[in-house]
Every structure is written in C-alpha cells, then in structure tokens.
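Peer 1: Below, each chain spelled out in residue letters.
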Amino acid sequence: MTISEPIILGLEGTAHTAGVAVIQGKQILLNESSTYFPPQGGIHPREAANYLAKQFPKLIEKIFQNLPFKADKIDGIAFSQGPGLGPCLRTTATVARAVSLKLNKPLLGVNHCVAHVELGRTITPANDPIVLYVSGGNTQLITFLNGRYRVLGETLDIAIGNALDTLGREMNLPHPGGPHIEKQAQRGKDLLQLPYTIKGMSFSFSGMVTAAKKLIANHSISDVCYSFQEYTFAILAEATERALSCTKKGSVLLTGGVAANAHLQNIIKEVANEQDSSYYVVPRNLAGDNGVMIAFAGTHLLNSGDILPIQKSQVKPRWRTDQVKVRWIP
Amino acid sequence: MDPMNLLKKGQIAKGAEAIIYRGTFLQDPIAIKHRLPKAYRHPDIDNRIRLHRLRSEAKVMTSARKIGVSVPCLMGIDIQNHILILESLEGKILFEKMDSLPTEKLQPIFLKIGRQIGLLHSNDIIHGDLTVFNVLIQLEEKPSLIDFGLGKISNEVEAKADDILTFYSTLKAIEPASKILFSTFLEGYLGVYPEGKNTYEQMKKIQSRARYIAREDRLE
Ligand SMILES: Nc1ncnc2c1ncn2[C@@H]1O[C@H](COP(=O)(O)OP(=O)(O)O)[C@@H](O)[C@H]1O
Ligand SMILES: [Mg+2]
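Residue numbers (the working numbering), protein chains in the order written: chain A, 2 to 331; chain B, 38 to 257.
Only chain A is shown next, with the shape it has when bound in the complex:
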C-alpha cells in the first residue's frame, strides 16, 4: 500500500458512556472511555448528558496528550449521530463539531448500531455475517442485503440489557445488573417457568421481566436469574438460528454490551454449530459502547466520501439501522 490509511478520531456518546478513540486502518492507537452509573434507578437523559459534557474534555485532553503524532495528522472526526438519548447525542455532536472546526478536519456522522457491526467486521474475521447485536438500548438481528444493513428481527419493546438491568434492580443487585445476574445464574438449579414468545424473528422482553419479578418473592435469586437467562437467551438463540437458516449467510457475529455474557456466547456458538456456520464475538473490552467502533465506521464513511457538512449535522435520536446507505460494501 502506498498511501497510508486514514487516521480517525471517534467520539461515542449515545447514552451513559463517553468514549474517545484514535484508530488507523484496523489498528487501535488510543482508546479512552468512562461510563456513568446512576446512584439508583435508570438513566436520566439530562443527567447522563451532563456527565458526558464533563467527561469529554478530560478524555479528549488525555488522548491529545498521548497522540504519537501531531493532531493535524488526524483525517476525520467521527461521532455517534444517533440513535440514542437526545440530550446525550446533542452533547456529543457539540464536542465533535468543535473538534472538527478546531482541527479543520471533516465531520463523519456515524450510526451507533452500524458501528457495533463494523467493529466486529474490522477486528474479527467475520465478513458478511448475521449480526446479533445485544446491548442496553438495542437488540437486533442485522445483516447486509442490497446496499443496507437490514433488520431481520428485533425487540418489540425493551432491549435485553435493559431487561436484565431492570430485573437486577428489582432484586436489589448493584447496577448494572447484567453481570451480577450472570454470576447469580451460575448458582441456579431449578428452572422456573416463564413465558416464551417469538414472532417471526422478533421478540419482546418486558412481559418476561414482569413474570420474573413475580417469582422473586417465593424463589431464590439465583434460580430467578438462572431461569430468566435460560428463557431470554433461548429466544435470542432461536431467532438467530432462524436468521441463519433463512439467509444461509454461514456466519454469526455477536456484538454489543451483553455480548460479554459468557453463557450467551456459549449458546450462540452452539447455534452456529447447529447451522454449520462460523461464530465470532467481539472482545470483551470492546463489547460495550466505545469510541473505537465509531472511528472504524467513520473510516468507511471517509473512504466512500460520505462527509457530513456541519450545517447538516443535527442529531438523529431515532435513526434506524436500515436507513444508512452502506456505500462501502459492494
């Protein structure tokens, strides 16, 4: 290669994580992030946005201090333009515009969900997989078809991460509940009955949370956690198997914050086996929201000339995965 690959600064800020990273090609040069954990209850958008506003300057300063080259070597500023919580997105966009103006480098508006997919495509061998994207705010089955990432199935109400955290709070487990539920579940013995519904390749979790809450009074926390994981993961597994079977894509990629759950990883690995497909998962430290994924997706935008003029850089809180024109895949 004669021309060196572009250097991209990535800014993630759609919910409770502020992430800043610098990458070049497939190489992660710097990666910083910090996450807001509310003292109790769920995320309040305004509080999370205030947190991001405090964190971004610190993180960016740290990154710029550690840059192995001058800041004007950076070729583009990528930021999470949506979907996400309005106040958080606006804070992040404000930071991104400022950096872009200061360095006089193009702005790149990245779709957060697409970024989770591009992270997996960059750092695992997965090329054209069925993507199971599981996080606190989103749960989708995604695959590339006719110029776009199509959503084959998704949650019809709350995301799996949100469901786990909500149940965790109900059982007074520390926030975020997901990892604690995973630990508790390992000690579970009895499978308690919960509803099991799947509609096409879509699913819903809020009814399952309600049913699980009712079990807390009369059963051990570990049995409730165990049963909740068994049921919800079985549904995700079945939807994934359907997607593999229908599209014949031959590989599956697990990504998003909940992808760090080892039990879910094992289950999806078995699903891949069942459909003679290969299985990939993003590394644990990059499963949750981060600036690296935004920068990787930003690289594709820059390479395909998809530059965002500042006057058109308003945030898109409801930006859907399948609205993005994916010009970088033939």
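Everything labelled a hint here was simulated from the structure, so no lab data went into it. Beta carbons are placed, not taken as given, at the ideal position from N, Cα and C, and that holds for glycine. Hints are supplied without guarantee of correctness; some may be wrong.
Stated by the list, open to error - Short derived list, chain B residues pointing at chain A, Cβ under 7 Å: (1) 53; (2) 57; (3) 61; (4) 62; (5) 74; (6) 77; (7) 78; (8) 79; (9) 81; (10) 199; (11) 203; (12) 210.
Starting from the structure of chain A, add chain B with the ligands where the hints point.
Peer 2: Just chain B with the ligands, lined up with the frame of chain A:
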C-alpha cells in the same frame, strides 16, 4: 408404518426448527417433518416448545384445511418422536421465487396470498410465523401456507395484526418493492375479509409503539 424407518429416506430441506425428509405413502410423495432437540436450550424449555408446536401445528393446519385454505394435508402425527407426516408439495418457497420474478409478476401472487390470509383470519385462525419463508408457491403460482407451529385459534385483533406485521417486516427486510407488494397483499386480504381493516389499523398501532420506526417506513 414406523415413521422412524422413513427418516432414513433422503433429507430434502433443513429449516430453522425441523428437518424435512421425503418419503412415500401408498405411492404418494410425503414430507416428514421432524423437530429436532436443540442443544443450546435447557431440555425442559426444549421439550415444552417442541411438544407445544407439534400439537399446534397439527391442530391449526387441520382447521385451515377445513375452511379451504391451501395447506399440505396432515397424514399422521407421532408425538413421542416429534414427527408430522404431511402431503409433500411441489414448488418453491416465496423467498426464492422473489429472487427470480419482477414486481409485476409477483403482484398476482401476493394478491392470492392476501386472499388466503384473509380467509384464515376471517375464521379466527392465526398463522403465527407468517414470513416469506413459510409460503410455498406451487405450479400455476398457487400459494400454499406451511409451518403452523406458532399458530393458534384466536379472534384477537392483536394476533391477526402480528401476522400481517411479521409478513410486512420480513418483506421489507429483503425486498425494495415491499410497499407495492404489501399493498397488493392487503387488497387481497381486505377483499376476502372486510373487517381486516381493523387488523391493519392495529398493525399500524403496533408499529408506532415499536422503537425507532422511521417515518418513511410507516404505512399511511
Ligand atoms: N409439505 C411440504 N412439502 C414440500 N416441502 C415442504 C413441506 N413442508 C416443508 N417443506 C420444506 O421444508 C422447509 C422447512 O419446513 P418448515 O415447515 O417451514 O420448517 P421450519 O419450522 O424448520 O422452518 C420449507 O421451507 C420447505 O422448503
Ligand atoms: Mg419455516
């Protein structure tokens, strides 16, 4: 006849849930649908689901056939082994068909599918998994419905709306002309089942409830 012997015959298709084998019964070709256990889920969940779906499929398919909806004839059921024996249909699944035909050629097929679903719903029968992978197009572009494991008998408008929303969603995921084809489908649906306008209204409600629905994806 021991169905397990027939299983030695050639596999013709592998779905997400089941393996389909071809066999013959009194010289007629039959399809043997075997729901396999899945190692990735708890055996209790696995048994519960497979048994429930086997029973539902047998019941709902039979009801659909009685009212004149085109479905394979159910010829036998083996509950212990999770096996259904079905009439084998010649044809291509809708998903493959859509690859080979232009929109104008697909429209008459979607009209007929709409009529079949209208007939189903006017008799309070829910398919439960109405995707482009579960409609089989036979000779002379005649659609038949398969895979009723998630089906049920219900007069709830919500269940009917779920059916047509599932159909629209899988269509939208694979087909650029999804809006035209879906409106042709609706034309057939409403023609047979005028009260189906409530189904459609409910479908739009569910859609707007769902998260991040893009404005251009909402149906007017
Ligand atoms: N009666 C039948 N005649 C011919 N082919 C069938 C029949 N039933 C199913 N098939 C074939 O087997 C595939 C899977 O069957 P299906 O009932 O949809 O099972 P699954 O639940 O695994 O999707 C179908 O897509 C179709 O190709
Ligand atoms: Mg099927």
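Peer 1: Quick one: which hint numbers does this structure break? Sort them smallest to largest.
Peer 2: Those not satisfied are hints 2, 3, 4 and 5.
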